[in-house]
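2 protein chains.
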Amino acid sequence: MKVILGVSNRHVHLTEEIYRKLFGDETLNVVKKLRQPGQFASDKFVTIKNGDREIKHVRVLGPLRKYNQVEISRTDSYTLKVKPPVRDSGNIEGSSPITLLNGENRVDLKEGCIIANRHIHISPKELKEYGLENVKKVKIKIEGEKGGILDNVMIRVDENFKYELHLDTDDGNAFNVKTGDEIEIIEMERR
Amino acid sequence: MKVILGVSNRHVHLTEEIYRKLFGDETLNVVKKLRQPGQFASDKFVTIKNGDREIKHVRVLGPLRKYNQVEISRTDSYTLKVKPPVRDSGNIEGSSPITLLNGENRVDLKEGCIIANRHIHISPKELKEYGLENVKKVKIKIEGEKGGILDNVMIRVDENFKYELHLDTDDGNAFNVKTGDEIEIIEMERR
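Read top to bottom, the protein sequences are chains B and D.
Note that the first sequence covers residues 1 to 191 in the working numbering.
Note that the second sequence covers residues 1 to 191 in the working numbering.
Rather than coming from a laboratory, the hints here were simulated on the basis of the structure.
Wrong hints could be hidden among the right ones.
Since copy identity is lost for identical chains, a pair holds within one copy or between any two.
Said to hold, decoys possible - List time: in silico BS3-like cross-link candidates among lysine-lysine, alpha-carbon distance up to 25 Å:
hint	residue 1	residue 2
1	Lys83	Lys141
2	Lys110	Lys49
3	Lys21	Lys125
4	Lys162	Lys137
5	Lys178	Lys141
6	Lys81	Lys32
7	Lys2	Lys178
8	Lys56	Lys81
9	Lys136	Lys162
10	Lys162	Lys66
11	Lys162	Lys178
12	Lys83	Lys49
13	Lys21	Lys49
14	Lys56	Lys110
15	Lys33	Lys162
16	Lys49	Lys66
17	Lys83	Lys110
18	Lys2	Lys33
Please put together the full structure from these sequences, using the hints given.
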């Protein structure tokens with residue numbers, strides 16, 4: 001069984017409150033629709049900062065959410081000298097503090113910086129179609145000179161999701177795969 | 001069977017000729033001895049550049065060699081907009097061109113930029129000790145929430161080598177492993 005890959009570069013999700021603190025009354029515009037329904041790459045960027053370390057030009061994804069979340073790779077975490085946990089998106093309690101900057105505007109988040117786990121988005125309807133009911137996580141296999149197997153790819157089910165595998169840039173670059181590649185699921189672990 | 005891991009950050013090997021063009025009569029000093037006998041992290045750094053893209057502060061490893069080689073990760077290759085092949089160290093024919101800078105001093109290499117393949121250094125004596133004679137490549141297994149299996153770890157034999165697994169920062173960060181970790185060899189492919 002195959003699944004389409006999306007490689008996620010570092011990005012930020014913001015609440016309305018924090019977005020306004022950073023961008024005032026500017027509109028969050030759609031630059032590119034993502035495969036996940038309703039989700040989009042916006043025209044807004046922030047600098048993410050920890051102490052004297054920073055990464056500029058980190059994209060804000062839309063729409064605005066009920067929580068603030070900064071998703072980075074472990075490579076980024078060394079650049080920033082932060083130690084974020086590996087988490088499901090939205091599970092940010094006790095995750096790493098991080099600072100967001102847009103020019104002179106600054107917000108210090110007490111938590112919200114994570115490394116996203118490997119995961120597959122899927123709707124309840126697709127879950128049945130693909131025979132993935134009651135599957136908690138899968139393993140995926142990648143061919144090629146930088147090939148191998150990635151464990152602990154979590155199955156995440158929501159009415160608004162569309163079947164898609166998300167890896168971060170560390171996983172994507174280690175295995176030399178790109179957004180749009182078809183990746184093989186080789187093993188399922190049921191709940 | 002286990003092997004000690006060394007994660008290789010981007011680095012540069014230089015010939016005497018190119019070293020002199022970049023650093024004049026400065027001495028290449030040892031900052032830290034590496035596990036591979038005779039090899040060391042030096043006190044010298046270059047900027048590696050392609051067009052208007054560059055990465056600063058890339059360490060020169062010593063001693064000087066018979067070829068110039070710039071080893072980067074695929075993540076770095078996107079930063080630099082180069083498309084280096086995945087190669088054994090020393091196999092640089094037809095690999096990517098790259099520019100080296102030290103202040104005003106500049107060298108344009110016609111080839112030499114590679115992504116190093118996953119590999120294990122081993123001496124002929126250790127090859128017998130570990131039962132790895134006639135093994136061309138192995139697979140390694142990493143446990144944990146970012147675990148999995150990495151294929152195509154090449155066995156590289158030389159009198160001057162010492163048993164050690166080398167992965168680049170993409171592989172190391174994708175699997176959350178660090179220099180000094182013990183990694184399991186799970187499968188061997190004989191020649």
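Hint check results:
no.	hint	verdict
1	Lys83 <-> Lys141	between (28 Å within a copy, 24 Å between copies)
2	Lys110 <-> Lys49	within (13 Å within a copy, 38 Å between copies)
3	Lys21 <-> Lys125	neither (39 Å within a copy, 64 Å between copies)
4	Lys162 <-> Lys137	within (17 Å within a copy, 38 Å between copies)
5	Lys178 <-> Lys141	both (14 Å within a copy, 23 Å between copies)
6	Lys81 <-> Lys32	between (31 Å within a copy, 22 Å between copies)
7	Lys2 <-> Lys178	within (15 Å within a copy, 31 Å between copies)
8	Lys56 <-> Lys81	both (15 Å within a copy, 18 Å between copies)
9	Lys136 <-> Lys162	within (17 Å within a copy, 42 Å between copies)
10	Lys162 <-> Lys66	within (21 Å within a copy, 53 Å between copies)
11	Lys162 <-> Lys178	within (18 Å within a copy, 35 Å between copies)
12	Lys83 <-> Lys49	within (13 Å within a copy, 30 Å between copies)
13	Lys21 <-> Lys49	within (16 Å within a copy, 38 Å between copies)
14	Lys56 <-> Lys110	within (20 Å within a copy, 32 Å between copies)
15	Lys33 <-> Lys162	within (13 Å within a copy, 51 Å between copies)
16	Lys49 <-> Lys66	within (22 Å within a copy, 42 Å between copies)
17	Lys83 <-> Lys110	within (14 Å within a copy, 39 Å between copies)
18	Lys2 <-> Lys33	within (23 Å within a copy, 46 Å between copies)
Of the numbered hints given earlier, the model fails hint 3 alone.
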